[in-house]
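Each chain, letter by letter, is given below.
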Amino acid sequence: MVDLRVDIAGINMNNPVMSASGCFGYGKEYAAFYKLKEMGALVVKGTTLEPREGNSPPRIAETPAGILNAVGLQNPGIDYVIREELPALQGAGTPVIINIAGNLEEEYIKMVRILDPLEEVQGLEVNISCPNVKLGGMAFGTDQKVAGNLVKAIRSATSKPLIVKLSPNVTDIKEVARAVEEEGADAISLVNTFLGMAIDIHRKKPVLGNLMGGLSGPAIKPLALRMVWQVSQEVKVPVIGMGGIMTAEDALEFIMAGARAVAVGTANFVNPYSIPDIVKGIGEFMVENNYDNLLQLTGAAWRGV
Amino acid sequence: MSMLKKAQIIEHEKKGPGIYRMDFFSPEISQKALPGQFIHLKVREEGYHPLLRRPFSIYDVDKDRGQVSILYRVVGLGTHIMAQILPGALMEIMGPLGRPFTLSKEAERVLLVAGGMGFAPLHFLIKELVKGNQVVEVITGARTGEELMGEDDLGRSGVKYSVATQDGSRGFQGRVTGLLEKKLDEGNYDFLYSCGPYPMLEKVVSLASTLGLKGEVSLEEVMACGVGACLGCAAPTRGDKGNLDYKKVCQEGPVFSLEEVFFDG
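Going down the list, the protein sequences come from chains A and B. Residue numbers 1 to 305, in the working numbering, belong to the letters of the first sequence in order. Residue numbers 1 to 265, in the working numbering, belong to the letters of the second sequence in order.
No lab work stands behind these hints: they were computed from the structure. Even for Gly, the Cβ is constructed at its ideal location relative to N, Cα and C. Don't take each hint at face value.
Claimed, not checked - Derived lysine-lysine pairs resembling DSSO-like cross-links, with alpha carbons at most 30 Å apart:
| hint | chain 1 | residue 1 | chain 2 | residue 2 |
| --- | --- | --- | --- | --- |
| 1 | A | K28 | B | K5 |
| 2 | A | K28 | B | K6 |
| 3 | B | K42 | A | K280 |
| 4 | A | K35 | B | K6 |
To be verified - What follows is a list of derived Cβ distance ranges for each label pair:
| hint | chain 1 | residue 1 | chain 2 | residue 2 | range |
| --- | --- | --- | --- | --- | --- |
| 5 | B | G178 | A | K35 | 49 to 57 Å |
| 6 | A | D79 | B | R143 | 47 to 55 Å |
| 7 | A | Y34 | B | I85 | 40 to 48 Å |
| 8 | B | Q166 | A | D143 | 26 to 34 Å |
| 9 | B | R238 | A | D292 | 53 to 61 Å |
| 10 | B | G145 | A | D79 | 28 to 36 Å |
| 11 | B | G18 | A | K145 | 36 to 44 Å |
| 12 | A | R5 | B | G18 | 52 to 60 Å |
| 13 | B | S209 | A | K35 | 44 to 52 Å |
| 14 | A | K145 | B | H49 | 38 to 46 Å |
Generate the whole structure from the sequences, applying the supplied hints.
This is the structure we're talking about:
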C-alpha cells in the first residue's frame, strides 16, 4: 500500500494531484465524470470581488501542443460563488481552495476577510499572475516588491493556508518566490500561463479577441519544470508544480523536480478523467519501483546531480 | 451525466467538396441525443497536436441501429486528420453535450433556415419535427450547388424545402437570407430555427425580430473543455437587464433563443 498523502501548509490531501485554477470551473462540471474525493484538492476558478464579464471572443487559440487562452477572469463574483457554488462542494470529500484575483490590494483584502471565517474553505490561492486582465493580475506578480507587499497585507488579514500563484513572465522567478515566502506565503504554486499570441494570416490580425493570451499545455512543460526545479530549491515552503501536466509521468517529473504537489489544468479539457488517471499512475509507478511514501520522490532529482 | 466512450466508425462518406458524413456505432449516445446537442471528438488517439477535442453537432441519429452521425467540412488540422480515418477505426466520443433545441408544441408552422454547414444540427431537428403535426418548412443555402448539403436526406424526410445558392447554380440566386425575406413575406410562421455563419445569423435575427417571430439559433465558437469548465467558448448574449453577458456555447448553448443572442459586430 503506497502512501500518496501530502500536507500543503496544513491542508491535508489524500494525494498530490489538484486541479489548476480556471481549468475545473467550480467542480460540478467534472463531478459528472468522477467523485471529486479522488482529487488531492480542488482549486476553483479565479474569483474576484465583483462579477467580471470577461474578454470578447475568440478566447481560445490552439497552438502546437498548447492552448492560448484569454478568458479574462470571467466569474460571477465572490458573493455568488460563496452562495451558489461552495455549498455543492461541501461533502465532496476533497479540500476546497479558492483562487482570488483583483485589480487593487483592497479588493484582495476584502475577499480574504470574507473568506477567512468560512469553514468550507480550506485554503486560499492568491492569483498575482493572470496575464489576461488589464490591471492588477500579473502586474502584482512581476515585481517582487509589489508581490511581497500584497502578500504581507493578505497575510495579516487571514490565518488560512495561503498559497501564492506566481507568473512565469518574469526575469528571475526565484526573486519573486523569495519575496512572497518572506512575507508569509505558506506555499507557492507555479506556474501560471506564459504570455503569448497567435496571428490569423488570412485576416491579418491576432486570433484572440484580447490580442494576447496565456499559453498552457504540454508546450510549456519544460519551461515550467525548470522553474519548479529552481524555486523549490530556493524556498522552504512547499511548491505546487503545474504547467502542461498530461500524464502521471509528467506529474512525477514535477515531483522529482521538487514539487510537493501538482496541479492539472489543460489536460482536463482533453481527458476529463485526467486527475484520477494521474493519481492512479503515480501509485502504480511507486509500486513498480518499491516506494511506499510519496515524499521519497519529492525533489529526488536534486540528489541525482 | 456526460459520457466518454470509444465508438467505431461504421461509415465515412464524402458528400461534397471537403464535406463528409461520419457514422458512429454508439447505442448509448443514440438513445440520449437530442436535436441541437453535439459530440466532442478526439481526432487522434495519441499525441498533442492537435491538442483539443473537436465539437460536432449531431446530424442524425438512428436509435434502432445505435447510430450517431455528424456532417463536417475540412477546415483545419483536426478535420484534415479526420477526413483520412477509415471505417472500422475507433474514436473517443464525449457526449451528448449542450442544450438542445426546444421542440415547440404550440407552433403550427415552423421554418428552419440553414446556411452552409449550419444545416448539420438542423437536419436532426427536422427529423424530430416531422413526427409531429406541424407544418415544417426548410430553406437552406450554400455558396454553390455542390456545397448544398442533405438534399437526399431532406427528400426522404418529405419536408417542404427550397434552396439558395450564391452562384445561382441551384434554386434562388443569392444568400439564404434573401430567400428568407421572400418566405417571410409570403407565409406566416410561428417559430424559426436557424444555424449558420455569424453574419447570416445576425440578419436572420434582425428579420425575425422585426416580425416579432420567436425562435432559436445554434451558435458555433472555438471550444476547449466542452463541459462548461474553461469559459473559452463564450458567446455574447443579452443578460436579464439587457446587459452584455458572455454565455458558454458548450453548456448554456449551443442553442440560444432569438431574444438572447447579441451581435456586437
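Consistency of the hints with the structure:
1. A:K28 to B:K5: 20 Å, holds
2. A:K28 to B:K6: 24 Å, holds
3. B:K42 to A:K280: It holds: about 22 Å lies between the C-alpha atoms, which stays within 30 Å.
4. A:K35 to B:K6: Distance of about 21 Å is within 30 Å: holds.
5. B:G178 to A:K35: 49 to 57 Å: Given about 54 Å between the Cβ atoms, the range holds.
6. A:D79 to B:R143: 47 to 55 Å: 50 Å, holds
7. A:Y34 to B:I85: 40 to 48 Å: 29 Å, violated
8. B:Q166 to A:D143: 26 to 34 Å: 55 Å, violated
9. B:R238 to A:D292: 53 to 61 Å: 58 Å, holds
10. B:G145 to A:D79: 28 to 36 Å: 56 Å, violated
11. B:G18 to A:K145: 36 to 44 Å: 56 Å, violated
12. A:R5 to B:G18: 52 to 60 Å: 53 Å, holds
13. B:S209 to A:K35: 44 to 52 Å: For A:K35 against B:S209, whose Cβ atoms are near 46 Å apart, the range 44 to 52 Å holds.
14. A:K145 to B:H49: 38 to 46 Å: 40 Å, holds
Checked against the numbered hints listed earlier, the structure breaks hints 7, 8, 10 and 11; every other hint is satisfied.
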